[in-house]
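The sequence shown runs 1 to 1170 under my numbering.
No lab work stands behind these hints, which were simulated from the structure alone.
The structure presented is a predicted model; accordingly, all values stated were derived computationally and were not measured.
The C-beta atom is built at its ideal place from N, Cα and C for all residues, glycine as well.
Heads up, a few of these hints could be off.
What the hints assert, rightly or not - Pairwise CB distance ranges, derived in the manner of DEER restraints:
#1 His811 with Ala159: 23 to 31 Å
#2 Lys782 with Gly325: 38 to 46 Å
#3 Glu640 with Arg118: 41 to 49 Å
#4 Gly850 with Thr1114: 24 to 32 Å
#5 Thr766 with Leu647: 30 to 38 Å
#6 Asn168 with Arg483: 15 to 23 Å
#7 Arg483 with Gly850: 34 to 42 Å
#8 Glu233 with Thr766: 31 to 39 Å
#9 Glu540 with Glu966: 20 to 28 Å
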Amino acid sequence: MKWSYAALIRPVLWWLVCFAWIERSLAQEKPTFRIIAPEFICNPAQGHGSTPDNSGAATGGVTGGNFTQSASARHLTIGFQTNGGQQLHYRVKAYFTLLGDTAFISQRHTVGLWRAVRQLEQRVRRERDVIAQRGQMTIGTDELVPGVVYTFGVVALDAAGVESEEQNFTMTYRDADQGASFEHGGSTRGGNDVSLVMLGAERTYADVDYLVTAQLIFCVRRVDYFYRWTIAEDGGRNESEPVAVAMERSKTLTVPAGTLLPGQAYDIEVRVYSTSSVDEMIARAHMTVRVLRRVPTAVLFPVDAVVGIDQTVRVRSYVSGVGEGMVWSCQSSNVGGNCDDTFEVSDGEALVTFYKEGQYVVQASIVGGEDRESEPRWTSLLVVHPKVTPAVRVLQWSQYPAVAGEPFELLVSVAGLVPNCYSNWTVLQEEGGFAYFDPAQLPNGRTLGGLFIRDVEENFLAELVDYGNDTVVKDVPLSIPGRSLTGPWKGLEPNARYKLRLETVCPEPIDDSKPGGPQAAREPIKSHWTFVLETNGAPEAVLPMVLTPEANGTALDTVYKLATGIAKDTEPDYPLRYSFWYVADGVDVHVATYCEITSAETVLPYSKTGCVATYAVVCDSRGACSKIIGPDACVLPGAEPSAEAVLWALESVEAFFDRLNYRDALKNAFELLITLRNRHSPQYDGAYRRFVQQLQQSIAHIRKVYAETAYLSEAAIQQFIVQAKPLLDLEEANNHALFEQLLELMDASPRPKRSAPAPSMVGGATKLNTKLLLMESLTVSKNVSVARQARTSLLSFVHQAARNYCALEPHYVFVGQLLTLEVNRYRSVAEMNVGHVPVPNHVLLSTPAGRGRLLDAFPETEYFCLGRVYYARDLFVERAEQAHELDLGFYEAFVLSVEKGGMWTLVDWRNDYFLWSLDGRRLPNVTCQTWGNGVWSGRDCTTVETATDEVRCNCTKLAYLRISNETEPAPIEESSGYSSTEPYAMFSTSGLQSTVAPEPGNTSIVVSSEPDLMSTSPATSVRPTMITSDVATATESDMVTLPDNATERAETFPIVPSPNTSIAHQNGPSALLQGGNETGPTNNQTNRSMAVSSLGYTVVGALAVAALTLVVLTVAYRRRKAVLRLADELQTVPSRARTQPSPHVRYARFQDEHNMTGDNVSTISDVLAI
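Turn these sequences into a full structure, and let the hints guide you.
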């Protein structure tokens, strides 16, 4: 009986173990990968020069996307593409069979074949870690035996040891002359001379752009083909395709974000057709992409806050992932209590108003799931305090989530501020997975941000004129700098969560409702506003970038492979996008961009230095990028390309243009033309003229396609212009017509495009950079009229560009070939340090503190822009006139006032004097000169040369400034488009006479001003002769020049020269000085009369001084008495006159509206930026 029990229990236990193992195996998802390899290796006779669809130019080899074929390098690189950047180890097993037409096989041949196969397997086993990190395996032809069919079985293993399904590919290697052929799934070809492979990720998310590239290889030269793309869902062709791809004729297909639906699988197919034969299909390939569901997450602003009664509280949300919307709710801490009666929901935010003290919770959830109970909810805890008056509102942020190591900025608006309020940003050190950093580690002693509202008595009690019932609103920015190369600050940590809080402390409200008695001491009331900042780490490069071959290659012939390992990142950030670049003659050339493909191939040009730099950029799906610097490639010029090879390269460029593949067209043209130019080839001129004709036709075609269809996006147009400019710069003096066409193409009216991405700071700044670079190139045109107009337009556009940069980023620096522009954005004048202004090119502008004014600003200014420019060349004088002189350029500083609607104006910046500190070591005996009346003149500046190389220019007005040793020319009435008494309205004085004239080609109104010059002689007043200036009128449509208002006209603000400033009187010496210099009897009689009357003048002067002193004392006494009387009256004002029926207490307005916005810097500022 005992034996039978044991016999029964053993099989049961065995089956239980088997079931457990099967269940464990099924629960673990098997890894998957895709083999990427061409279908053949071209033999040397065919392969040389056959690169019409890749990076070859004149005489290049054959290249692929993640594999390499080269006539000089007999090897093949096979790629293993994984899902989501997963690193897998591979076990390779090789099988072989002899070809059927193989003759007698000896025993020695068989043994050698076995040995070659086993050595190949052993090498792959030894390099398994490198193959896993790079996702590539290389097989050389010297490892193969002719006359053999190889079958490779590849099995992938993940970190847990789970094996994938075996995938096979077959390689037939006949001999070195005939090459090899491959067989694997995914493509169909029409002949033995073509291979088509699709390069793209097999998995993606719906909220990112999907990129796929068709890599086509010919063994013979061919350009008569184009591509056709189709997208089908669930393995079958839909009646309506999810994305318009009918016009896509190039090898790259970009599917905009939001087009593909999550949870679906799409079959993407590409077909290659011949242009010379009707309906002739050359090759076809397809791949399946699965769109994953990204779990949507949300972040609420704020997560907790202390708010006041009867205040509108805004709770804003940021959602990542795809969702159908937000569901909001509000509940009280009381049982069953809610705040729905004061709850409003708008797009992405909730507005709630509280009328009772207590705690409230605002909840938000994302619509999209069937089980509402299990949906994640995000909460915001709001505590209502009856004595809290500040209310915080989010205005904008730079990027969310923040990129680790990069700067982050958040701007909030705080309402309800009163005197003695102060706000500071802090980092909370809390548990729950929150990171922390010490603000004391910030570089240069910076703080996160804050402000302080000065006391009313400290600021302007002596000038108080009225009282109201309003508080003020101020912007408080949060600024976290990027990582510092020196010092302890390393920036924000990757993939971390920080809790940041804005703490505000204000005095307790004054409650006059209590009868009698003195007021008790006002206690400080604390409130806060907290949010969570998440960071996204950039992809981490595991291996350095490798360039193959390492030895010197030949320009336009040697095929280089740029490869980097699989970068590491978190799962939600996949797929990763790899972009490969090289730098030749200072131009960054884009080679290729792939998703989850870690290598690219290209030929390289011959540069001036003989070497070319390389690098790669890896970006995740949320915009965080890392740069990998690669080795330099030293390229030899090689033999002179034949006329046939050059013609073939130009024909391939034209074919690229016809297929709307602009990037490859311009890349191949750049490689060809740079090589011919640097080797001083006689074929350069003819090749360049041919390319210019092709580019002109391409621009016309692009303009037509962009205007009439929705195929080309604005981003594609900008990329085309950026790539075309370096080629035009080769002969920029002769290409002004093409530069003008590119400017017109850039300013073309945008249409709704296939892809409508959100506005990007980086993209907007790139467009401005490109436009400024194009305008710089136009200034060197050989056409004198075009160059003159270009200089005028550039000087006018600098201010518009500064305003646009200012709207995008708080600080930006543009460095071009001709000018350097630095812009800072400030919310108020109090934030600007106008007494110490650094200017590009190591120049410093200083002004006396407290004695300056910024006039003509908008009453409702949203922000100010402080711009500083260094022009490397004189733009006011023709180049032929200044060729013999040493031109050090000139400088400019200005302030723009921008209102909420975007309208902007140049501000009249006045001060006692402006002190410029410049480097004058390159020019002896210099003088400081400003531009005015059509010439450079030193009458408004005094030059001081120091013992060092510093030159100080003490000027009485702000204008274009330069240092020069040339003789000042006589003033002229008109110059070549630059003659004006003052170049800009920012230098105008009071009493402006405005004229309105429409800008040519624009219905917007531009206001120009005619300033009255202030005479330096007190006895005379000269009315100037007005001369129209092109610079003053060529402004943008959103720029206006404001005339002085009535109060400003009544106010006088003379420009007082400093003690070390010498100003020459234009009207000659006075009569008194003239008499002192004359000789003869008349002169003696005059001197005697003056001596007799000197005593009388002294007595009269003393009486006048005494009378003036008495008047000043009387006015001061009465003014002080009136202020004290007004303060006493306010103490007895009834409480009902200083409060309102609402439960919270209002405050008296404590400063004039203009002073609160920082428009008037003549008084002490009420806000102190921290």
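Hints, verified against the model:
1. His811 with Ala159: 23 to 31 Å: 44 Å, violated
2. Lys782 with Gly325: 38 to 46 Å: With a Cβ separation near 60 Å, Lys782 and Gly325 fall outside 38 to 46 Å, so the hint is violated.
3. Glu640 with Arg118: 41 to 49 Å: Roughly 47 Å apart at Cβ, these two residues keep to the hinted range, so it holds.
4. Gly850 with Thr1114: 24 to 32 Å: Once the Cβ atoms are compared, 27 Å apart, the range 24 to 32 Å for Thr1114 and Gly850 holds.
5. Thr766 with Leu647: 30 to 38 Å: 35 Å, holds
6. Asn168 with Arg483: 15 to 23 Å: 48 Å, violated
7. Arg483 with Gly850: 34 to 42 Å: The hinted range 34 to 42 Å holds for Arg483 and Gly850, with Cβ atoms some 37 Å apart.
8. Glu233 with Thr766: 31 to 39 Å: 35 Å, holds
9. Glu540 with Glu966: 20 to 28 Å: 57 Å Cβ-Cβ, so the 20 to 28 Å window is violated.
Violation of the numbered hints given earlier is confined to hints 1, 2, 6, 9; the remaining hints are satisfied by the structure.
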